[in-house]
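Sequences are here, hints too, so could you generate the full structure?
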Amino acid sequence: MKRLLMIAWREYLAYVRTRGFWFSLLMLPVGISMIVVAPMITARSTPTPTVAIVDLTDRRLETPIAAALSPIGSNAAPMARIVPPPGGPYAGRADATARLRAFLEGPRTLPDGRRLDAAAILWSSGGGVTIDFWSRDVGNASIQGAINDAVKTAVRNEQLRAQGVDQAKLNAIDAFNPNTRDFSPKAEHSEVKLKDRLPGIAGGAIGYLLWMVVLTGAGMLLNSVMEEKNSRILEILLTSASVPEIMGGKILGVAAVTTTILTFWATIGAVILTARSPELTADVAAFLVANGRWAYFGVYFIGGYLMFATFYVTLGAFCETPRETQTLQGPLMILMSIPLMFMTLAFTHPDATILKVLSWVPLFTPFVMAARAGSQPPLWEIIGTCVMMFSVTALELWVAVPAFRSGALASGRFELRTFVRSLGRR
Amino acid sequence: MTAALVLEGVTKRYGAFTAVNDLSFRAEQGKILGFLGPNGAGKTSTLRMALGLVAPTDGHINVLGETDAARVRHRIGFLPEERGLYRRMTPVAAIAFLARLKGVSADAALRRARDLLAAHGLSAAMNKPIRSLSKGMAQKVQLLSTLAHDPDLVILDEPFSGLDPVNQQSLETLIRGLAERGATVVFSTHVMQHAERLCDHVVLLARGQKVFDGTVKAAQATTPRHLLLEGVFAPGALADLPGLGEMTETPLDGGAVRAVAELRAGAQVQSILRAAFDRNLDISRFELREPTLHDAFIGLTHDGEVHA
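Protein chains in written order, with our numbering: chain A, 1 to 426; chain B, 1001 to 1308.
FYI, nobody ran anything at the bench for these hints, they're computed from the structure.
Note that CB positions come from ideal geometry on N, CA and C, so glycine has one too.
Certain hints may be false.
[Stated by the list, open to error] Covered by chain A, per the in silico footprint, the following chain B stretches (three or more residues, Cβ under 8 Å): (1) 1073 to 1080; (2) 1094 to 1105.
[Claimed, not checked] A few chain B residues that don't get close to chain A, going by computed Cβ distances all over 10 Å: (3) G1040; (4) D1115; (5) P1165; (6) S1170; (7) R1207; (8) A1237; (9) V1257; (10) H1294; (11) L1300.
[Said to hold, decoys possible] In silico contact screen, one side only, chain B against chain A (beta carbon under 8 Å); selected entries: (12) R1048; (13) V1054; (14) A1070; (15) R1083; (16) G1084; (17) R1088.
Structural data, given as structure tokens:
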């Protein structure tokens, strides 16, 4: 045990002293900050586009269009800034098109020096209105959509007014929005609140987090063992400690590394969440504490980590170069992406049948069961999946000891046949 | 005498391939045993069995009085053939870590690491990352890491490979020092000169089989001595000298000839010299060549065939 702890401590220090560790530690908070900050930076760095509205319909559609493009809320930026149509008056649609194109294509600017970004030419056709929308930026359809909606509403209102409906009534109809209330017998007070949706969201999120942490840790182990085999340190370790001590030490050391990263992330997350919404923090904490969920997640984290760590450590003993580990990780990641595809369901339907089925596949158990935490799986499912998961892990450990030794002492490139044969050494 | 390592009828097979076949030998306590053989002879497999890293297919191994090397791993020091250490660690940390794995306390391990590094001229490098050291220095650090726990049995797999002549010399001194303090040293090599200078006892291995087990002198005695004669004499003139066996003659400048002849068992060198003078042969060089361990090895494994 003493040797196991020594190996674990060395492994832990070896990672903590690398730049990569600190990069991993800061990556998530920086990433989350970027998700929050990036849209604001983008909005500030993008100038508000200018739009010229040429209404050839005599329906005075500029006013509703201007209202549609104006900012919603006092701090928001307008979708577009309406400018007087340059080069007018126009003899007709073709003339307007030709003159406006000159502003949209070339270097010609508006009288105030700005450039024209878009123009909408509205003309009557068959009793209706056609909008010719010209824009420098073909990828942005939002302005066109807003103009289209504004014109549609204005024309509809015009026709309703013609039918005798007064403006006040029209305004009341436009302002109508049903007051939908969400109820569920599963909700704490019948009416569904964010607190009631939290288990599904938190369970799904923790499932993804476990997947990421377990496979990151297992990948670190694979590379660590490969490096030690490559430098022949593994052979020296084998003369100084038993295989279970070496494997256990490495697994524990990397577990400590991932736990450090997770704890840091969780602390940062809790601080940010508390600063923004103390109630939500309290709800998340209550969710984790209720029904011993922290232990539930803990058991699946330990089971999942042990299962994958043991496999990857053993595999690493057969690899001598980073290329070999990368080649092996490719197909394994494809296999491990299967639960990810279905785990999105856990946010909305944590008790979906496919998730229940996948829970019984030992390789997927830890992640899928964590994602299903919100639906409170029955005790028999928890016990059954844990028995399956830990049985597979125990079997793995049993065959891994001679396989690890065999791999550590073997030379040459990785061969699947040799690896499989070594697993059968028991 | 007590043996630190005993192998009895040890065989190791990997599938159909027999790496080591019915091998028996003893490494006596406080002595230096050279484990010799060409590449692929089965040296590394044997050492790994002795260390308990792989189990023999057949036979018995006793290490420091135990049948399971794992029970005495804290008393064994091992240097593998291919070397490497934790590149980001400092020499002092790496040596102390490996010593601690062998049961040395943290304080003692650090102290011992510093003392060893200082004693071998590595004081200035002890706190630098190993990756910044020269190859020779890194190899020295690794060797010291096998000795930091004062092992009773030191097993070195090809310890001289990759070392420059100066470091080879210092390693020879180190090995002698280990034996002087009572440790048993077993080292494998395919360079016979090291074994010749260092070993009390050699075991020669070829194709997984033992071809010799005894002292260096006894190994040399398995090969005939040779006599070198140079002078101006007719080809074949030496053929009837007493005690000479198979002979090769090479013409030299000025009509001289160099003859190298095998000495038959029991042949007296003085008698041969006297007989040559009696026949008025013009001999300018007369030299007895004792067989080297290399000669013995070649003789014992003639063309790779084993002649036990």
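Okay, the hints, checked on the actual structure:
Note: the stretch 1073 to 1080 of chain B has 4 residues with beta-carbon separation from chain A under 8 Å; the three-residue rule is met and the coverage holds. Here the stretch 1094 to 1105 of chain B counts 5 residues with a CB under 8 Å from a CB of chain A, which clears the bar of 3, and the coverage holds. The beta carbon of G1040(B) is kept farther than 10 Å from every beta carbon of chain A, the shortest such distance being approximately 13 Å. At roughly 20 Å from the closest C-beta of chain A, the C-beta of D1115(B) stays outside 10 Å, upholding its exclusion from the interface.
At the 10 Å boundary, the C-beta of P1165(B) stays outside the reach of chain A, the nearest C-beta of that chain being 24 Å off. No Cβ of chain A comes within 10 Å of the Cβ of S1170(B); the nearest lies about 21 Å off, and the non-interface call holds. R1207(B), annotated as away from the interface, keeps every beta carbon of chain A farther than 10 Å; the closest lies near 19 Å. Every CB of chain A is more than 10 Å from the CB of A1237(B) (nearest about 56 Å), matching its label as outside the interface.
Residue placement check: V1257(B) keeps its beta carbon more than 10 Å from all beta carbons of chain A (closest about 51 Å). Even its closest Cβ contact with chain A, about 28 Å, leaves H1294(B) beyond 10 Å, as expected for a residue assigned away from the interface. Under the 10 Å C-beta cut-off, the non-interface status given to L1300(B) relative to chain A holds; the minimum distance is some 28 Å. Interface restraint check: R1048(B) against chain A, minimum CB-CB distance 7 Å, threshold 8 Å, status holds.
Here the hint on V1054(B) is kept, as its CB sits about 7 Å from the closest CB of chain A, short of 8 Å. At a threshold of 8 Å, the smallest CB-CB gap from A1070(B) to chain A is about 7 Å, leaving the interface hint in force. Proximity of R1083(B) to chain A holds as hinted, the smallest CB-CB distance being about 6 Å (cut-off 8 Å). For G1084(B), the shortest C-beta to C-beta distance to chain A is roughly 3 Å, which falls under 8 Å, so the interface hint holds.
A hinted interface residue such as R1088(B) counts as satisfied when its beta carbon comes closer than 8 Å to some beta carbon of chain A; here the least separation is about 7 Å, so the hint holds.
When each numbered hint is compared with the structure, no violation occurs for any of them.
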